[in-house]
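Participant: For reference, the chains in residue letters:
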Amino acid sequence: MGSGWGNTITLTQNATALTLEWVIFTRGDLQPPLTFVYPLDGSEHTNAFMMGRGTEKQISRASWDGGKLVITTKQSFPNLVEGQTVETVVTRTLSLESPTTLVVETTRNGVLGGHASTTRTVYTKG
Amino acid sequence: MRSRLVVAAVLSVTAHAICAAQRAASAAQHPNVVLMFADNLGWGEVTSYGGNRGVPTPRIDRLGAEGMRLTNFNVEFSCTVSRAALLTGRYAVRTGAQQPTGMTLWEVTIAEALKPLGYSTALFGKWHVGGYDWLDKRAPTNQGFDEWYGIPLTSNDAQITTTPGFDSTKTPTPYIWEGKAGQPSRRVQVFDLESRRTIDRESARRSIDFMQRNVREKKPFFLYYPITQIHFPTLAHPDFAGKTGAGDIGDAMADVDHNVGLVLDAIKRLGIERNTLVFWCTDNGAEIRRPWRGTSGPWSGFYNSMMEGGIRTPCMIRWMGHIPAGQVSNEIVHEIDFFPTIAAAVGAPDIVPKDRAIDGVNQLPFLEKKQPKSNRETVLFYNNNQLRAVKWKDWKFHYLFAAEPGAITGPPSMRLFNLRSDPKEETDIKDFNPWAISVFDKIVADFVATTERYPNVPSTAPDPYVPPTRPQR
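Here the protein sequences come in this chain order: V and D. Start counting at 1 in the first sequence, then tack on 356, and there's your number in the numbering used here. Start counting at 1 in the second sequence, then tack on 314, and there's your number in the numbering used here.
Keep in mind that the hints were calculated from the coordinates and are not lab data. Check each hint, because a few of them may be wrong.
Here are some chain D residues pointing at chain V (derived, C-beta under 8 Å) [as the list claims (entries may be wrong)]: (1) Pro-498; (2) Val-502; (3) Asp-506; (4) Leu-694; (5) Tyr-696; (6) Phe-746; (7) Lys-756.
On a predicted model such as this, the values are computed, not experimentally measured, just so you know. Glycine included, each C-beta is placed from N, C-alpha and C at the ideal position.
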């Protein structure tokens, strides 16, 4: 399952935000990379994107836990089950294992009677 | 003494009359069931599903128009497992069915289940669930069929005698066989590239003869007509060879349609249209082997893969007077549903075994338009013992994605698709749908829990198979 961010990503951090850029489409698709912004001041931010099923929105909030950055993202899925909206919460905890090794621990909540799941993904700086 | 004899004679006559009346009543109550099951025939071969080659299939199409045509009909990914699932109402992984071994006689087939209700049962065509050592052990007549004709294994056996270097002292010559319950099966003729062309026509002829006999005797019947086309070598009946201009598969498709028409015409001629539940569908997705490469229509993949092109096939179900005509539905139905559906249709739901896991569900209320939804929203896809994908509503989660049979595609191995927004299964959207793993893992966990109570039959299990005793949970 990975981090939920794909295998190859570009992360850029400045004083105000962590920005993730993710190339999903091929050059021929004529689509820009997906960009997700996570403000570092604890404020809520909505990232919108299109993956062929309308405009989808993720509402995220990031906070520091010591040297780790915790990003909590909520997303709603209306009518996944007829007449029911399913809410998901994904928590990603980012930590640097070394200057070139980023570890992302991702926990997805359980929905519709299923269990939560956690995965650990290690990214190496290219 | 004389009066006793007279009484005995009267009793005997009365008993006979009662039996005859019961049989007649039974025939009136129990519909006939005709199950036509084509081989490696992909979605794109049938006109009402797109007909990519432009070869008309009017008889098959009309059958669908006279009942329900399904656009989300699911099957197992390959011949043997699909036939095991169809006949038992169980995912094949539970039965242990594999090509070399077939399935144990412990499995209860639709034919076996219908026998106690007074049904005559027959198979004309391809068996392929008896394993290599099928003769007089795992033949159709050992699994509830009163009579059979056809090939015990599969159609590519027709190539054996013309394979360079073929030596009949070293390699068994394949035959077309026939048999009756209680008797050994016997050889009819060599199964080669010539008889491969005509076996389906002969099976149709025998199917019609079987139906005529049972109508005459007023007995309900279950006819299983597993058509060998368009499995490779795709060589059509001489009546159609070279006739469509669409190559061997086009010719074979015209052949299939013609043979289906022969069976349907006989049903009409015999006056049993309203009392006969007719299924026409195919065992798995499109043939892949060149030079007879089939077409999967809008779907990706071929048979032996878990792509929609491998596991979603055409299916028509007709029961005049019961299933309203002209229905087309994208609701999920699976071949394992036929057993419970037939059981419901014949008014005997209890013929479905209770001592084992049955995965099929009764779809009759849905087919009869008594409810808008099918009774199924999930399908599990196994490659023998390995779980490969799960379908839930419009979503499909691949646990081990492989676009082509036998070749695992590069990472990520887990991929999620919405089959309505991405019918070709091209853009993995698992990362944008974090609910998915929770939902799909639960479906799998629920299934696995049933295998704790009812362990899967090992593929090497001999007959008689005795399931292990497990404590009830």
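Participant: Does each hint fit the structure? Answer for all of them.
Facilitator: Here is how each hint holds up against the structure:
At a threshold of 8 Å, the smallest CB-CB gap from Pro-498 of chain D to chain V is about 53 Å, leaving the interface hint violated. Residue-level restraint check for Val-502 of chain D is violated (minimum Cβ-Cβ distance to chain V is 54 Å; threshold 8 Å). For Asp-506 of chain D, the shortest C-beta to C-beta distance to chain V is roughly 49 Å, which exceeds 8 Å, and the interface hint is violated. For the restraint placing Leu-694 of chain D at the interface with chain V, the shortest Cβ-Cβ distance is roughly 15 Å, beyond the 8 Å limit, so the hint is violated.
Hint status for Tyr-696 of chain D relative to chain V: violated, with the closest Cβ pair at about 20 Å, above 8 Å. Satisfaction of the interface hint for Phe-746 of chain D is found here, the shortest Cβ-Cβ separation to chain V being roughly 5 Å, below the 8 Å cut-off. At about 4 Å, the closest approach between the beta carbon of Lys-756 of chain D and any beta carbon in chain V falls short of 8 Å, and the interface hint on this residue holds.
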